[in-house]
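Construct the entire structure; sequences and hints are all you get.
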Amino acid sequence: MAMAEYTLMNKNHPVVSFRYDRDIHAVVKVLDVHDLKYAPIALADQKGVVSRRALNDWWRRRAIPASRNQIQQLLDSLDIDSTLELAEENFGLSLSDRYWINDNRNPLRWKDINFFDNDFSDDLGMLTLGQESSGNPNLISPNSTLGGDLNKKWKIVDRKRILVKGGTGSTQQEVLNEIVATALYSRLLDKGDFVPYFLFEENGRIYSACENMLGPDEELVTAYDVISAGKKSNSMSDFDFLVESYKGLGLENVEESLSKMFTCDYILANQDRHWRNFGVIRNVETLEFTRLAPIFDNGTSLWCRAYNIAAEDSYIAKPFGPKGMSPDRQLSLFKEYGWFDGTRLEGFAQEARNILSKGNEGIQARLDIIEERIARNIGKVQVHVRDVSASRSVNLEQKRDRILQLPKQQDDISITEETR
Numbered sequence: 005m006a007m008a009e010y011t012l013m014n015k016n017h018p019v020v021s022f023r024y025d026r027d028i029h030a031v032v033k034v035l036d037v038h039d040l041k042y043a044p045i046a047l048a049d050q051k052g053v054v055s056r057r058a059l060n061d062w063w064r065r066r067a068i069p070a071s072r073n074q075i076q077q078l079l080d081s082l083d084i085d086s087t088l089e090l091a092e093e094n095f096g097l098s099l100s101d102r103y104w105i106n107d108n109r110n111p112l113r114w115k116d117i118n119f120f121d122n123d124f125s126d127d128l129g130m131l132t133l134g135q136e137s138s139g140n141p142n143l144i145s146p147n148s149t150l151g152g153d154l155n156k157k158w159k160i161v162d163r164k165r166i167l168v169k170g171g172t173g174s175t176q177q178e179v180l181n182e183i184v185a186t187a188l189y190s191r192l193l194d195k196g197d198f199v200p201y202f203l204f205e206e207n208g209r210i211y212s213a214c215e216n217m218l219g220p221d222e223e224l225v226t227a228y229d230v231i232s233a234g235k236k237s238n239s240m241s242d243f244d245f246l247v248e249s250y251k252g253l254g255l256e257n258v259e260e261s262l263s264k265m266f267t268c269d270y271i272l273a274n275q276d277r278h279w280r281n282f283g284v285i286r287n288v289e290t291l292e293f294t295r296l297a298p299i300f301d302n303g304t305s306l307w308c309r310a311y312n313i314a315a316e317d318s319y320i321a322k323p324f325g326p327k328g329m330s331p332d333r334q335l336s337l338f339k340e341y342g343w344f345d346g347t348r349l350e351g352f353a354q355e356a357r358n359i360l361s362k363g364n365e366g367i368q369a370r371l372d373i374i375e376e377r378i379a380r381n382i383g384k385v386q387v388h389v390r391d392v393s394a395s396r397s398v399n400l401e402q403k404r405d406r407i408l409q410l411p412k413q414q415d416d417i418s419i420t421e422e423t424r
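Last residue of the sequence shown: 424 (the numbering used here), numbering continuous.
These aren't lab readings, by the way, just hints derived from the structure by calculation.
Only pairs whose alpha carbons sit at most 27 Å apart, straight line, appear in this in silico DSS-like list of lysine-lysine:
#: 1; residue 1: Lys195; residue 2: Lys362
#: 2; residue 1: Lys235; residue 2: Lys322
#: 3; residue 1: Lys51; residue 2: Lys41
#: 4; residue 1: Lys235; residue 2: Lys251
#: 5; residue 1: Lys15; residue 2: Lys33
#: 6; residue 1: Lys236; residue 2: Lys41
Label-pair distances were calculated between CB atoms; the ranges are:
#: 7; residue 1: Asp153; residue 2: Ala315; range: 19 to 27 Å
#: 8; residue 1: Asp317; residue 2: Pro200; range: 26 to 34 Å
#: 9; residue 1: Asp153; residue 2: Asp116; range: 27 to 35 Å
#: 10; residue 1: Asp116; residue 2: Arg380; range: 48 to 56 Å
#: 11; residue 1: Ala314; residue 2: Asp153; range: 21 to 29 Å
#: 12; residue 1: Leu112; residue 2: Ser336; range: 49 to 57 Å
Beta carbons are placed, not taken as given, at the ideal position from N, Cα and C, and that holds for glycine.
This is the structure we're talking about:
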């Protein structure tokens with residue numbers, strides 16, 4: 005067996021040491037716990053214990069998922085049997101957080117190996133994006149831990165870390181969907197509410213791209229990890245539990261921020277807002293949760309996976325409910341709309357159509373339907389916002405009437421020697 009001993013690190017802070025079998029790509033024994041304050045959220049159980057199973061679960065999620073498009077071609081081209089091998093070679097380094105594994109027998113320093121500050125090869129990224137690479141690729145890259153099912157890669161452009169994403173099918177609609185979403189957010193939301201995407205051309209193909217959302221010493225903590233760290237009562241809904249969990253982290257304007265994301269998801273018919281597709285931002289040094297993560301990943305929107313778009317309109321929205329829920333039901337969960345200005349959406353359906361038509365002029369009938377449905381969804385949102393406002397006004401009037409109907413009571417004044 006190829007045994008190794010590693011320490012899970014959060015930047016410069018040791019978290020837990022363990023014995024690892026590189027033949028089976030698994031933790032075989034937890035050796036020592038150092039400082040769980042810096043551990044990934046929900047790694048330890050409610051009693052503060054880090055089990056071998058929990059560590060393995062976290063580590064497996066670190067690798068490129070087996071569901072990734074063309075994953076077998078990637079494995080075959082590199083002559084490896086598991087994407088965990090790539091994570092091992094790159095110390096588990098990512099551009100979504102500051103975790104990594106340090107070899108106890110040959111320790112390294114964060115400042116020398118992290119991909120936020122140090123350059124990395126584009127060879128593995130070309131393979132993970134479905135491009136051709138050199139015959140002897142340099143595999144040192146944060147693309148070894150890049151999740152998601154679409155082909156994608158991190159790339160350094162003008163010293164910035166850029167995430168480049170492809171699409172599927174003949175239209176590659178996921179690429180353009182990100183541009184449509186950015187156009188929507190630019191109309192409705194504040195600059196820090198979303199990650200802006202742009203078109204990126206490479207080797208004669210067009211991709212969507214965005215800059216890394218993280219600032220210095222920041223990590224993305226998914227909503228899945230946040231709710232996994234707590235315990236939901238049977239009487240509490242998933243939505244209420246999420247709101248309570250976020251507020252418990254000290255975050256503010258939670259309902260409004262969630263309203264922004266899911267209302268825009270409704271307009272865009274986003275089918276993929278699962279628990280790992282949104283989250284919060286934490287500072288890894290102060291351990292403070294500073295804000296909700298800006299909205300990202302909108303590719304699976306606008307009925308892009310519908311084979312017969314005229315017939316396929318309904319879908320199950322994620323993530324709330326045991327198996328999701330209808331989009332209309334999910335929209336009804338949200339009540340905070342001080343941010344919403346419906347006048348800013350005038351002409352958006354046509355703008356979205358124009359963006360989607362780039363390179364897809366031959367699917368006019370499909371674009372007609374998408375434009376109509378965007379306009380319909382905007383109309384439904386506007387009705388919902390008016391209903392929320394009217395309901396709030398009625399409740400305020402009822403509350404005022406109840407106060408006015410209360411009998412007047414004389415103030416209870418206690419007279420003492422000092423007040424006479």
